Amino acid sequence: MTSAKALKTETKSETNKPEATAVQNGVHNRMLGIFKAREAGLVAIILIICIAMSFASPYFLTWQNFRAMLLSFSIEGIVVVGMTILLIVGGIDLSVGSVVCLAMVIGGKLFLMGLDPWSASLIAVLACGFIGYLMGQCVTRIGLHFFIVSLAFMVIARGLSLLITKGTPQSLFSLPPSFKFIGQGDIAGMPFVIILFFGIVVFFDLLLRHSTLFRKVYYTGSNEKAALFSGIKTKRIKIVCSTLCGLLSGVAGVVYMARFGAATPQFGIGMELSVIAAAVIGGASLNGGAGTIFGAVLGAALLSLVTSSLILLDVPVYWQDIIRGLILLVAVSADHLLNKRKRSTSTKS
Amino acid sequence: MQPILEVHDIHKSFGAVHALRGVNLSLMPGEVHALMGENGAGKSTLMNILSGVFPPDQGRIHFKGRDIVLPDPAKAQAHGIGLVHQEIALCPDISVAENILMAATNARTSFLMNDREVRARAEKVLADLIPIPVDEKVGDLPIASQQIVEIAKALTLDCDVLIFDEPTAALTDTEAEALFRIIADLKSRNIGIIYISHRMAEIFAISDRITVFRDGAFVDTLMTAQTNPDEIATKMVGREILNQFPAKNPDLTAQTSCLLSVRNLSDGGVLRDVSFDLRKGEVLGLGGLIGAGRSETAHAICGLGRKTNGDITMHGKPFEVGDYSDSIRNGLVYLSEDRKGSGVFLDLSIAANITALDLRHVSANGFVRHKAETTRAEELGRLLSLRCENVSQPVSSLSGGNQQKVAIAKMLSVHPEIIIFDEPTRGVDVGAKSEIYTILRNLAADGVGVLVISSEMPELIGLCDRILVLHEGKIAGQVENDLMTEEEIMKLASGIACQSTSQNIGQSMNATTGGMAS
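In the order they appear, the protein sequences are chains A and B.
The opening position of the first sequence corresponds to residue 1 in the working numbering, with each subsequent residue numbered one higher.
The opening position of the second sequence corresponds to residue 350 in the working numbering, with each subsequent residue numbered one higher.
Everything labelled a hint here was simulated from the structure, so no lab data went into it.
All figures in this text were calculated on a predicted structure; none of them were measured in a lab.
A few of these clues could be false.
Label pairs and their in silico Cβ distance ranges [what the hints assert, rightly or not]:
1) 672(B) to 313(A): 52 to 60 Å
2) 672(B) to 269(A): 49 to 57 Å
3) 47(A) to 489(B): 22 to 30 Å
4) 144(A) to 617(B): 23 to 31 Å
5) 724(B) to 198(A): 43 to 51 Å
6) 144(A) to 489(B): 54 to 62 Å
Covered stretches of chain B (chain A as the covering partner; in silico rule of three or more C-beta atoms under 8 Å from a C-beta of chain A) [said to hold, decoys possible]:
7) 519-528
8) 688-699
9) 805-818
Derived pair list, reagent style SDA-like, types lysine to any residue, alpha-carbon separation capped at 20 Å [said to hold, decoys possible]:
10) 225(A) to 629(B)
11) 233(A) to 488(B)
12) 424(B) to 443(B)
13) 225(A) to 707(B)
14) 689(B) to 285(A)
15) 109(A) to 165(A)
16) 413(B) to 506(B)
17) 235(A) to 654(B)
18) 233(A) to 672(B)
19) 225(A) to 720(B)
20) 233(A) to 661(B)
21) 180(A) to 287(A)
22) 689(B) to 287(A)
23) 233(A) to 437(B)
24) 473(B) to 403(B)
25) 225(A) to 506(B)
26) 235(A) to 672(B)
27) 629(B) to 653(B)
28) 225(A) to 440(B)
29) 109(A) to 156(A)
30) 720(B) to 287(A)
31) 235(A) to 707(B)
32) 720(B) to 180(A)
33) 720(B) to 207(A)
34) 225(A) to 687(B)
35) 233(A) to 691(B)
36) 235(A) to 720(B)
37) 225(A) to 586(B)
38) 720(B) to 233(A)
39) 225(A) to 493(B)
40) 225(A) to 661(B)
Backbone N, C-alpha and C fix where the C-beta goes; we use that ideal spot for every residue, glycine too.
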């Protein structure tokens with residue numbers, strides 16, 4: 001309605017200031033292009049480890065090994081996607097491990113009660129989404145921090161799993177093969193789990209990079225007040241992210257159920273830590289506003305690659321956690337120090 | 350008399366950026382030495398070196414007759430060099446008193462806190478400035494009061510040299526006056542003061558000598574009494590600045606059509622029955638002291654504040670205040686006074702900042718069209734002569750003036766009909782300031798309604814066609830033409846004079862005579 005007016009402003013001022021062409025054209029602009037360096041670095045590290053390992057172990061460069069590695073982080077990787085989105089908006093979810101388990105347990109219990117596994121799974125996933133929604137409500141209405149709220153829900157969800165199963169693992173061997181296919185089937189030699197995981201990754205990576213909804217997620221996470229002052233309904237955005245994280249945890253739980261054919265109430269303890277580690281190695285910031293799905297997946301891949309390499313190299317199992325923890329520390333420190341240098345060269349006053 | 354502080358040939362680089370290239374400065378005891386230069390000239394870098402925030406790459410600091418090394422701020426304070434930060438560096442969750450005595454507490458050797466003494470000393474320091482309740486949490490205070498706390502904090506240190514880095518950037522004139530009295534008092538106690546500010550008037554009012562930096566290099570040191578603002582500005586910019594303010598609009602009359610009209614706006618808080626009209630082609634100023642309700646008025650109109658009562662009409666049609674997103678869609682936008690806190694997304698790219706208000710302009714079916722976004726950002730960047738390498742670099746890499754241009758471009762990207770600028774030139778250097786004034790004037794000439802809130806009276810007087818003055822949430826009156834003087838505005842702002850009730854102003858503006866009810 002007023003575009004003609006603004007155009008007039010432009011032409012007018014441009015004739016006023018012919019020298020005003022400080023903005024260069026033609027530079028390839030990808031929104032949030034600053035994260036490209038991080039992703040490239042991770043790919044390089046992963047390649048270096050792969051090359052080194054292919055010399056160190058004859059089993060490394062086999063399809064079986066790669067398949068096993070991909071399988072090992074594919075399902076957890078679905079949770080990493082949700083966590084990354086929540087980290088970008090400035091939140092965090094400690095409850096994911098418990099919620100994955102809850103999805104498994106609810107789905108399993110409903111199936112054992114006679115419901116068909118598909119409906120049971122759908123209900124389980126929605127229940128997890130509802131938990132995410134509740135957390136978002138607590139955060140935005142009461143004004144609590146995601147850390148505290150999700151800590152509470154981590155315990156609550158675990159308690160619900162124990163309550164539903166009375167503390168004993170449920171065997172689900174009678175799951176129909178069509179459902180088990182989700183977790184155990186292959187398509188042309190490629191496990192369905194991996195295909196599903198890559199589908200989710202590509203879908204959300206595209207959304208995050210290109211959709212207006214997820215652009216608002218970056219705005220909110222980068223500076224919530226500035227987002228409010230840009231007319232963005234930040235509370236709604238946070239609730240959407242929290243719900244999404246719950247839903248994706250639910251999906252992962254159902255896939256685990258199909259894969260293992262069982263529902264164990266102790267499943268997923270400590271998963272939140274490796275999920276957060278993967279997202280952070282991949283460039284997500286605990287302060288919000290930064291991170292990509294692609295980066296987070298590379299982070300998850302790196303952790304999985306290191307674990308599998310340590311096994312192939314016969315490193316005692318007790319050392320593995322120490323080494324993975326050190327990798328997290330080194331990756332995050334390196335990035336922080338590099339960024340610091342970048343900042344101090346670009347700002348002066 | 351010997352200088353108390355001398356710096357010789359200081360160099361400092363950050364990576365590839367040569368922030369300081371051999372600067373010199375000498376400070377006498379009891380002298381107010383102003384340091385001027387555009388943003389990026391190296392003033393703050395030198396002050397950070399003098400207060401021990403980071404060391405110089407090269408050069409000597411000669412203090413009280415010997416060379417000293419300042420590895421950290423505590424050491425600088427121990428020597429007696431205190432800094433009032435430009436960026437407010439306070440702990441928001443602890444009380445005013447504890448903040449003020451933070452450095453003093455750190456220097457104390459006793460193990461236990463003495464809360465009573467802390468309160469008493471804080472109250473004593475504040476009594477000389479502006480009384481602020483010392484038990485209040487700093488985070489709950491408005492920015493101006495936080496700035497006062499920051500100043501009070503430095504005053505508690507037993508300093509021989511005090512550095513003020515843009516202390517008045519967030520203060521109103523009355524508060525600044527109080528600060529100048531304090532500075533005069535410090536001066537009489539033989540304390541050397543380095544004073545950084547972009548406000549020419551106050552530099553000439555309080556300083557003894559002026560040193561100018563440009564692009565990290567020393568340009569000149571002059572006696573204040575023997576120079577003038579034009580000469581200083583020329584030295585700062587390296588070229589002559591002819592006219593800071595663009596010409597006003599001579600064609601405004603009471604008959605000029607009204608873009609926005611506000612009647613009896615109240616917000617249940619500070620605002621009471623605010624009424625005014627914003628005419629087409631006009632730059633309307635909104636002045637008053639801090640706390641008078643200037644920003645609150647803007648928030649109330651845009652739907653950023655409390656629930657409001659009163660009638661607002663845009664283009665003669667009634668406008669219901671809802672969410673801010675609704676206001677944006679109706680062509681009403683607000684530029685926040687706190688650029689870093691709520692104006693821009695520092696970590697995000699310039700392009701992403703510029704399109705933040707309404708992504709629908711650069712998207713289709715819920716997906717951002719990156720090419721359109723880049724083009725839009727580059728267009729607006731060119732229009733505002735934004736200086737950057739490309740629009741995908743983060744806003745944090747820009748200088749204050751260019752960050753502010755990004756914030757303005759963000760407003761313009763939605764083709765607004767009315768823009769409320771809250772402190773449009775805060776923390777912006779001279780060159781960028783006059784560019785921003787021209788931008789505002791051009792917008793008004795193109796029919797966009799421009800309402801400017803400012804604490805700087807010369808800015809309001811130079812830029813605006815008409816100035817409304819708020820006092821305690823009410824419109825105390827308005828000034829235009831010959832009546833536009835600092836004295837007149839001050840009288841209204843302080844409540845000494847009250848022209849008429851807000852009701853009358855609305856009527857007088859609608860009246861055919863257009864005469865002022867003064």
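Verification of the hints:
1. In this structure, residue 672(B) and residue 313(A) meet the distance hint of 52 to 60 Å, their C-beta atoms being roughly 58 Å apart.
2. The hinted range of 49 to 57 Å is not satisfied by residue 672(B) and residue 269(A), whose Cβ atoms lie roughly 43 Å apart.
3. Judged by the Cβ atoms, the range 22 to 30 Å given for residue 47(A) and residue 489(B) is violated: they are separated by roughly 53 Å.
4. The beta-carbon spacing between residue 144(A) and residue 617(B), approximately 27 Å, falls within the hinted interval of 23 to 31 Å.
5. For residue 724(B) and residue 198(A), the hinted distance range of 43 to 51 Å is not satisfied, since their beta carbons lie about 33 Å from each other.
6. Take residue 144(A) and residue 489(B): their Cβ atoms lie about 20 Å apart, and the range 54 to 62 Å is violated.
7. Coverage of the stretch 519-528 of chain B by chain A is violated. Counting CB-CB distances below 8 Å, 0 residues qualify, and the rule asks for three or more.
8. Counting residues of the stretch 688-699 of chain B whose beta-carbon sits less than 8 Å from any beta-carbon of chain A gives 9, enough to reach three: the coverage restraint holds.
9. Only residues whose beta carbon comes within less than 8 Å of a beta carbon in chain A count, and the stretch 805-818 of chain B has 0; fewer than three means the coverage is violated.
10. Simply put, residue 225(A) and residue 629(B) have alpha-carbon atoms about 31 Å apart, too far for the 20 Å limit, and the pair is violated.
11. The hinted pair formed by residue 233(A) and residue 488(B) fails the criterion: a straight-line CA distance of about 23 Å is larger than 20 Å.
12. For the suggested pair residue 424(B) and residue 443(B), the alpha carbons sit about 24 Å apart, so the restraint of at most 20 Å is broken.
13. The hinted pair formed by residue 225(A) and residue 707(B) meets the criterion: a straight-line CA distance of about 16 Å does not exceed 20 Å.
14. Between residue 689(B) and residue 285(A), the direct Cα distance comes to roughly 19 Å. Compliance with the 20 Å bound is thereby established for this hinted pair.
15. Taking the CA atoms of residue 109(A) and residue 165(A), the gap is near 8 Å; set against the 20 Å cutoff, the hint holds.
16. A distance of roughly 17 Å separates the Cα atoms of residue 413(B) and residue 506(B); the hinted pair therefore holds under the 20 Å criterion.
17. In summary, the hint linking residue 235(A) to residue 654(B) is supported, as the alpha carbons are separated by about 16 Å, within the 20 Å threshold.
18. For the proposed pair residue 233(A) and residue 672(B), the alpha carbon gap of about 9 Å is at most 20 Å, so the pair holds.
19. The suggested pairing of residue 225(A) with residue 720(B) is violated, with an alpha-carbon distance near 27 Å, which exceeds 20 Å.
20. For the hint pairing residue 233(A) with residue 661(B), the CA-to-CA distance comes to about 23 Å; that exceeds 20 Å, so the pair is violated.
21. Under the criterion of a C-alpha separation no larger than 20 Å, the hint pairing residue 180(A) with residue 287(A) is inconsistent with the structure, at around 39 Å.
22. Restraint check for residue 689(B) and residue 287(A): the C-alpha separation of about 16 Å stays at or below 20 Å, so the hint holds.
23. Between residue 233(A) and residue 437(B), the direct Cα distance comes to roughly 28 Å. Violation of the 20 Å bound is thereby established for this hinted pair.
24. With a C-alpha separation of about 32 Å, the suggested pairing of residue 473(B) with residue 403(B) is violated against the 20 Å cut-off.
25. For the proposed pair residue 225(A) and residue 506(B), the alpha carbon gap of about 34 Å is over 20 Å, so the pair is violated.
26. Distance check on the hinted pair: residue 235(A) and residue 672(B) sit about 13 Å apart at the alpha-carbon level, within 20 Å; holds.
27. With a C-alpha separation of about 24 Å, the suggested pairing of residue 629(B) with residue 653(B) is violated against the 20 Å cut-off.
28. Restraint check for residue 225(A) and residue 440(B): satisfied, since their Cα atoms lie roughly 19 Å apart, inside the 20 Å limit.
29. A hinted pair counts as satisfied when its Cα atoms are at most 20 Å apart, and residue 109(A) with residue 156(A) qualifies at roughly 18 Å.
30. For the given pair, residue 720(B) sits about 29 Å from residue 287(A) by alpha-carbon distance, which is inconsistent with the 20 Å threshold.
31. Restraint check for residue 235(A) and residue 707(B): the C-alpha separation of about 17 Å stays at or below 20 Å, so the hint holds.
32. About 44 Å separates the Cα atoms of residue 720(B) and residue 180(A), which puts this hinted pair outside 20 Å; it is violated.
33. Restraint check for residue 720(B) and residue 207(A): the C-alpha separation of about 17 Å stays at or below 20 Å, so the hint holds.
34. Our distance criterion of 20 Å between C-alpha atoms is met by residue 225(A) and residue 687(B), whose separation comes to about 10 Å.
35. Annotation: proposed proximity of residue 233(A) to residue 691(B) holds, straight-line Cα distance about 14 Å (limit 20 Å).
36. Proposed proximity of residue 235(A) and residue 720(B) is contradicted: the alpha carbons are some 29 Å apart, above 20 Å.
37. With a C-alpha separation of about 34 Å, the suggested pair residue 225(A) and residue 586(B) falls outside the 20 Å cut-off, and the hint is violated.
38. Proximity of residue 720(B) to residue 233(A) is assessed by CA-CA distance (about 26 Å); at most 20 Å being required, the pair is judged violated.
39. As the CA atoms of residue 225(A) and residue 493(B) are separated by approximately 19 Å, the hinted pair is consistent with the 20 Å bound.
40. Distance hint between residue 225(A) and residue 661(B) is unfulfilled; the C-alpha atoms sit about 26 Å from each other, more than 20 Å.
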